[in-house]
Structure formats: structure tokens, C-alpha cells
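Going letter by letter, the sequence shown gives residues 1 to 405 in UniProt numbering.
The hints are simulated quantities; they were obtained by calculation from the structure and are not laboratory data. Computed from a prediction, not measured in an experiment: that's the story for all the values here. Even glycine gets a Cβ: it sits at the ideal position worked out from N, Cα and C. Check each hint, because a few of them may be wrong.
[Unchecked claim] As a list, the in silico DSSO-like pairs of lysine-lysine whose alpha-carbon atoms are at most 27 Å apart: (1) Lys192 with Lys38; (2) Lys184 with Lys401; (3) Lys341 with Lys27; (4) Lys72 with Lys94; (5) Lys245 with Lys234; (6) Lys89 with Lys334; (7) Lys228 with Lys242; (8) Lys234 with Lys134; (9) Lys401 with Lys350; (10) Lys72 with Lys3; (11) Lys134 with Lys223; (12) Lys117 with Lys266; (13) Lys134 with Lys242; (14) Lys90 with Lys331; (15) Lys348 with Lys373; (16) Lys72 with Lys331; (17) Lys398 with Lys38; (18) Lys242 with Lys117; (19) Lys334 with Lys90; (20) Lys38 with Lys5; (21) Lys331 with Lys27; (22) Lys223 with Lys373; (23) Lys5 with Lys24; (24) Lys398 with Lys341; (25) Lys24 with Lys331; (26) Lys89 with Lys24; (27) Lys3 with Lys94.
[Stated by the list, open to error] Each pair of labels, with its calculated beta carbon distance range: (28) Pro394 with Glu287: 54 to 60 Å; (29) Tyr347 with Glu293: 19 to 25 Å; (30) Arg210 with Gly264: 17 to 23 Å.
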Amino acid sequence: MSKPKIVILGAGYGGMMTAVRLEKELKAEDADITLVNKHNYHYQTTWLHEAAAGTIHHDRTRMLIKNVINTKRVKFVQDTVESIDRENKKVALKNGEIAYDYLIVALGFESNTFGIKGLAENAFAIRSVNTARKIREHIEYKFASYNNDPDAKDSDLTIVVGGAGLSGIEFLGELVDRIPDLCKEYDIDPNKVKIVDVEGMPFVLPPFDRELAKYAQNYLESKGVVFKLSTFIKEATPEGVKVQKKDSEELEEIQAGTVVWTGGVKANHIPADSGFETNRGKIQVTEDLRYPEDDHVFAVGDVAVVFPKNAERPYPPTAQIAIQEAENLAKNIKHILHGEKTEAFVYKPKGTVASLGEKQAIGVVFDHKLTGKPAAAMKKVIDDRYLLMLGGVPLVLKKGKLNLL
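Build the full structure now, drawing on both the sequences and the hints.
So this is what it looks like as C-alpha cells:
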């Protein structure tokens, strides 16, 4: 009798951790495991804002998949997923197809422009290693050109960030660290640089405690960031953005050399395009992370939506939740293969921290509010803990931010 084929689509937090945990939960004779990803590396999306600002090199954010998984236990296929055929239990890839007995969909997210005119064409989005690299290079080009290009304008040094959620605020924190170095390197008066954040909500960091969110806003404003709250980007152009204050009919034009959109993401389009029933594009899974209409298909991470028991709102799509889903799913796959009852997924929050640069952050860890350097240190501990779970001590020492456990 042939071994069951387990196929994992995507090597983000959910997919990568599922592969690593399945290695530990299953014996070699239990199943054949295949991980499919379009790149040959796994990257930490929670570090991309640093690479985009240029405070770390983009290579720090990624690691080769073959150096993390045991390739004798998990086969890696580098290819792009095009569609899922549940009826025939096959996945169409750009360069072929792959059959499965159990499928784990962990395809992650895509940038969501919400139909804003010109945003896709004229704004950057922090969604991958390559897009983060493009943002850094673009900003550096604008600074390098300012004193050398006769057509350069002061507005070339203006950076507009769309959105004041976690990604937007963390990117702003890195920018205020990076800009002084760029000004010194390219002999630019820091007073000529403007950083403007445009946010539709009347406050920053909606999921955070209001006191902590205000701390973050005050800190960034002290570093020169201008917040335009209750304001919406209506259009992005090659010259900047057009914004509109809530309850106003007037459009304001902000000229800028760089526009970065962090205002939202959506689930990968492939499940919906492949006929899955979705909730706002996401696969709404059962308590053991299965697709309700197919006991052989599971979903984790940004592409899945999980509702706590008796709750009206789902768990937020965070890396921390994706990692815990992966751990739960690996155990459940083992239970299924052994004919045992599966376990319901229950999220156990460890805390949430938002970085504001290298030495500043805010957060709640085990019900304790943290600000400043203690929060920044905790953020690094959290980042290193993930590396420890993924690849053990060697990966922490190679990629970690503290270089200690």
C-alpha cells in the first residue's frame, strides 16, 4: 500500500512551520510530504519593513528552504501554483501538476488596493523581498539624485505612507531611523525631507491599546512624521497622491517622490478562483482547520479564516496565529493518519509588539504594557524565538537579531 501524499502549498509562516512540524510528528513511513513554493527561500514578512527602509539588508529577511527543512523527509518543489482541482485531488503548477491525498493551502496574501485609482501603478507595496528591495533602492535613488539631477525637486524627498496599521507604523519607525543616515550620506538638509502618513481611521494602530498607540504616534511625530488621520487616498499619480479628509468634498494634492501603500492585504486569489467557498476571499475552515466541504483539504495563515468558538469576529491574520495553526495542523494530520480524533485549534496569545525602529517599540506581553527600549528588546526576542522553533540554535545564530537565546 502506497504512503499518503501530503502536499503543502506555500512556504510562508504557516506553510513552512507545518512542514517543519510534520517532520517531527510523522515517521518516514507514515507519509510522503511535499512543499511547493514559487521561490527557493522562506522569508519573514515581519522583517520586510526594515528591508524596505534599508535598515537591514534584504537578504537578512530570507533563508533557503533547503537549509531549513530536512530534504530527505520533505520534498521541495520550486514552482508556481496556478489552480487546485479538488475533484481529482491535483494541483496545477506552472511547470506541471502534483497529486495529493491531503492538501494544506498556505498561499498567503496579496496587496489590496481597494480599487483606488492609480495605486497599483504609482505606489509601492511591502509584500515580498523583491518589493522591499525596490522600495529601498527607489528611496536611495531619490536622495542620490537630489543634488545631481538638474530636474530634481524638493518634493522628490517627500515620502507618503498609506495606512497606519502595524505595517505602516513599523515602516515609519524604520524610516525615521534611516533618513538621517541618507541625509548625511548624500549631503541633504534633513529639513527638506518630509514623511507623511495618510490613514482613514481617526487614530493609528486600530488593534492596539489606545495608550500605546498614542505613544507610537507621539514618538513618530517627534521625529518629524506628519499624520493625516480621518483622511483617504483617493488617487495616486506619478507626482504623488490626492487625498480627501472625511466629511469634506475637497481634494488635497501631496507631491511626493515615493508613495508606499501599507493599507491592506487580501488572501491569495487561487482558492476562490479554484471554486472554494470563501469568506471575503479566505477559506473559512472548521475548528480543526479543515475546509468544510472536503475532509482532505486544510488551510492556514492569511488564506484561512478561523472563528473562535461562539465569537462573531475571526482571529486576526498574524504571523503568531499562523505559526500556532501550523503546530495544531501537524498534530491533526498525525491524528488522522493514525485514526485518532483531531484537536480543535485554540489560539493562545503570547503578546503583540510593534517596532518603532531599532531602539523603540510598543507592545503587550503577558498582559504587561511595554514601551521604549524594553519593548524593542522583546520584539527581538520574539523574532529570535520563531527562528529557534523553525531551525534551532544554528538558525538563531545565523539570522537572529540578538545572536543569543
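Proposed proximity, Lys94 with Lys72 (alpha carbon, max 27 Å): Distance ~24 Å between Lys72 and Lys94 Cα, so the pair holds.
Holds or violated: Lys5 to Lys24, with C-alpha atoms at most 27 Å apart: Within the cut-off at roughly 17 Å; holds.
27 Å Cα cutoff - pair Lys38, Lys5: holds, 20 Å
Restraint check for Lys331 with Lys27, where alpha carbons must lie at most 27 Å apart: holds, 13 Å
Pairwise hint evaluation, Lys242 against Lys134, where the allowed Cα distance is 27 Å at most: Within the cut-off at roughly 23 Å; holds.
Pairwise beta carbon distance, Arg210 to Gly264, judged against the given window 17 to 23 Å: For Gly264 against Arg210, whose Cβ atoms are near 21 Å apart, the range 17 to 23 Å holds.
Proposed proximity, Lys234 with Lys245 (alpha carbon, max 27 Å): holds, 10 Å
Straight-line alpha-carbon gap Lys89 to Lys24, limit 27 Å: Holds - the C-alpha atoms of Lys24 and Lys89 are around 25 Å apart, at most 27 Å.
Pairwise hint evaluation, Lys38 against Lys192, where the allowed Cα distance is 27 Å at most: Answer violated: Lys192 to Lys38 is near 41 Å, above 27 Å.
Pair hint outcome, Lys234 versus Lys134 [Cα-Cα no greater than 27 Å]: Answer holds: Lys234 to Lys134 is near 24 Å, not above 27 Å.
Agreement of Lys24 and Lys331 with the hint, judged by alpha carbon distance not exceeding 27 Å: Between Lys24 and Lys331 the Cα gap is close to 10 Å, so the pair holds against 27 Å.
Hint consistency between Lys3 and Lys94 [alpha-carbon to alpha-carbon, up to 27 Å]: holds, 26 Å
Comparing the model with each numbered hint stated earlier shows that hints 1, 24, 28 do not hold.
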